[in-house]
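Trainee: Sequence order for the protein chains is A, B, C and D.
Just so you know, the working numbering puts 4 at position 4 of the first sequence, and the rest follows in order with no gaps.
Just so you know, the working numbering puts 475 at position 190 of the second sequence, and the rest follows in order with no gaps.
Just so you know, the working numbering puts 627 at position 57 of the third sequence, and the rest follows in order with no gaps.
Just so you know, the working numbering puts 1113 at position 258 of the fourth sequence, and the rest follows in order with no gaps.
Be careful, since some hints might not be right.
As the list claims (entries may be wrong) - To give an idea of the interface, some chain A residues facing chain D are shown, with a C-beta separation under 8 Å as derived from the structure:
| id | residue |
| --- | --- |
| 1 | L106 |
| 2 | W110 |
| 3 | R253 |
| 4 | N280 |
Everything labelled a hint here was simulated from the structure, so no lab data went into it.
All C-beta atoms, glycine included, are put in the ideal place defined by N, C-alpha and C.
Residue-level listing of the chains:
Protein chains: 4
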Amino acid sequence: MEPSTIARLRATCPDKPGIVAAITNFLYSHNANITALDQHSTDAFGGTLYLRLEFQTPHLDIARPALENAFASVIAERFDMEFQLTYAADVKQVAIFVSGSDHCLLELLWRWARGELPCRVAMVVSNHPDHRENVERFGIPYHYLPVDAADKAGREARILELMDGVDLAVLARYMQILPPEFVGRMENRIINIHHSFLPAFVGADPYRQAWERGVKIIGATAHYVTAELDAGPIIEQDVLRVSHRHLVPELARAGRDLERQVLARAVAWHLEDRVIVNGNKTIVF
Amino acid sequence: MEPSTIARLRATCPDKPGIVAAITNFLYSHNANITALDQHSTDAFGGTLYLRLEFQTPHLDIARPALENAFASVIAERFDMEFQLTYAADVKQVAIFVSGSDHCLLELLWRWARGELPCRVAMVVSNHPDHRENVERFGIPYHYLPVDAADKAGREARILELMDGVDLAVLARYMQILPPEFVGRMENRIINIHHSFLPAFVGADPYRQAWERGVKIIGATAHYVTAELDAGPIIEQDVLRVSHRHLVPELARAGRDLERQVLARAVAWHLEDRVIVNGNKTIVF
Amino acid sequence: MEPSTIARLRATCPDKPGIVAAITNFLYSHNANITALDQHSTDAFGGTLYLRLEFQTPHLDIARPALENAFASVIAERFDMEFQLTYAADVKQVAIFVSGSDHCLLELLWRWARGELPCRVAMVVSNHPDHRENVERFGIPYHYLPVDAADKAGREARILELMDGVDLAVLARYMQILPPEFVGRMENRIINIHHSFLPAFVGADPYRQAWERGVKIIGATAHYVTAELDAGPIIEQDVLRVSHRHLVPELARAGRDLERQVLARAVAWHLEDRVIVNGNKTIVF
Amino acid sequence: MEPSTIARLRATCPDKPGIVAAITNFLYSHNANITALDQHSTDAFGGTLYLRLEFQTPHLDIARPALENAFASVIAERFDMEFQLTYAADVKQVAIFVSGSDHCLLELLWRWARGELPCRVAMVVSNHPDHRENVERFGIPYHYLPVDAADKAGREARILELMDGVDLAVLARYMQILPPEFVGRMENRIINIHHSFLPAFVGADPYRQAWERGVKIIGATAHYVTAELDAGPIIEQDVLRVSHRHLVPELARAGRDLERQVLARAVAWHLEDRVIVNGNKTIVF
């Protein structure tokens, strides 16, 4: 199966009988071959249906725009449905933001180099100059944007300019505030890794907070960025058992392994169009 | 949603385009409301498709036998499909077998009493007399069948007689051999809990084997029983971290918690018709 | 090894060289045989040392009170040490409090019946009458204390009276407020199970809170009770992966298994004198 | 605390009263400051005692060789004890072997670069030329030793020559046989990562074996290499839940993350002298 011929449909609508039959019929009638189908209904009577389909496009009898138009008029309108049709061949442009710690950055770059992240890493942006060599070795442009209190507006403008055409921004332990305008226009397309099991330990220095509370397990959380700090829809979390032997530096060291894994999984799922955002929650198919 | 109106379809067939559309159309046309759908294809081209659907029956326009006949002729024949239609209202009759250790038995009985296991526990069979009081308190008949070398045939005949009408046998740490005739006729309807991470440590005394090998993690495995010891299709496994501080008795004690959870999950999934057996493997939807 | 001949020493003092040598020498000189030793120092220079020793008493050359006095004057004074000497033969008296849900209560009773919890369950106290038969079957007195708004003082007095001689109170999903006087005098001797991964989801209905926040993992926390709700020293936590398929009732059902395990582990560790409280944190050896 | 002043004692002897007192006294009398102490006894009466101590050396009143001699004559002889005294200042020389897959190699190099692995990576040896650039960037020599059926002896001789002075060899997914003479002289100093939960799936293609058996969990195992394939003492294992959706390539991809973590932990523990080998098992303190 050629990855470049995979298409994905994500849809959300009020649940009622006949939706899956209608969609699968529609696609079958256009010679699409469905290779995966996941659905979730919050309630069979009066709930919301979330649905994700993967299908193969080689034998489609119509062009993509026509398919989308037909789906909109034949299916979406009938069922009051929101939907997104995406194609693996439209490779997503990704920008990675990083500050001083390189463990999440390198994890993403190495996975990408091994073919585990289906995207184009368009650039790395950092307020630190240190990662340039490690990034450029992969043939990826590195933009060093130092924080300059005297020219906040200029730095923000530069970020907005760079982000033109970017489909996904990944904050791989990035400790600066993003331009609010950028956050506003990239809804559900900026992924952050927070080094705690959210909603515990929002904000600064979560490993210190965890140590002070004496938890027996630490966590990491990948979530979409919203205007409110550490409060966006959670995509993935994972945890690790710790003990009294872990002081703050040991928590931070152990946590690095968690952060890398959790962020990498969330980014991969986003790139494969597996995530549907439902208010402040996600459904990951 | 009334549990008693849920129906489930499990189907297996060569994968090709149009199957899901055909099935969902068929059910929709008979006023069945699909509330869950899972599918898995081993390969979109030339693979095998496994599918499970849950649907609601209150508004069905035909009786169950007619539905089954129609499905067989309209769908199954066309796609060379094996299928099973089951109804939550047909409550499964379950027999639990147990020897000396009561932890798995009690786990199942208490979950059943809390409504977590949708079945009727028809009886408990044991080669030990000890559990009678604990079982009969739940209003469940207890059959004490001591092992009698002089009357093996009589004991086997008694078991076969008791099992008449039983849909599922659960070996909740049962240490005796079942009559081969019974195993033969109950394919994929006898669940055993083995106290190791199979295929490691097949056979007797797996905690001692685990201790001798010096593993850092122990496991438990719930599987369907076949003629070959501990080799049947695996339904569920789980594991637990241990250390050098765990000698054999500590492994056995820690393992009891695993065994209870793993067996209870496997039994619940079987009762909800979530398991499709594929050769020596299972698909759990 | 006879359990009844085990003694345990827990000690806390400013760390400096020679402490372990002094303690082990002292015990050796009195014919105590050390069978386990754990220590933790927050910092080798200027930190605090936490220490737990298990030793065998059959050949002690002095009586227990004399041993304790000698240890106090020879060791504890020299190192500015707080310590507790406990003997497995002094079986702890335990009271279990429970409200409507019986899963934690039954887990504790069954483990106790299997010899996994070294204590005497002196009584079960409940504001519900329903669990009487299940408790009395174990030969344990059941005290039904209905909540009576008109006689709060009387109920509190009755609890205080019952608790006379109790070494440990376990809140096995107990939804009522305990008398503050009782909480005050039982510092680090009341264990509660909270059905969330604290400090996330303090207070009422944590499964609903977890569902609303869209977490991908739920947890349970066993902690000592303090005057502040859900804020006492954490003894044990564990977690479970969930998905969008888990609505509030499914979270609650899955969480029950967590709660049972986490509470049972915390209670066992307390009974074996493995827990040292350090401010608002615990060290579990 | 200066890492370079840490010393570690690992000792094994028949258990009897007075050992810990004797050792801690001995060290205290020479002004060593004990900062960690772990012990494990297989049985308090007639068992074997395993013990690990960390202590600080700045104020030692005798030179290291004298300390070792004194310990041998005063303590080890008295208790029939085997022991090893090691010093963090004696940085271990490590050789990493790798074949085609670079994920374990890079994991080790990056952790080493971050200061997580206290050693000197003396060289990387490979039967593939591909990793040279990635290795040499870290300033580490890369030895490409192609497999040459016509000159097996020459290749083996070259490996033996290179290994002169190496304290630890790490097989980071190395698919060639090591010279038996090398394996013989490096007892408990060669660590291999096997991509299964040993003892399940010994030998070639364990992910395929796992898929064929239909396990629900896969694992990875780090162990010391012995003459017998995949049968040496296990240092660390970890596992990952999988499902029917994981075919062999998906198992291999998911397993890579496990392999990296498990190998890195085992190597770190070895470098910190935390592992005591006991026959075919390990005690990890």
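Trainee: Identify every previously stated hint that the structure contradicts and give their numbers, smallest first.
Mentor: 4
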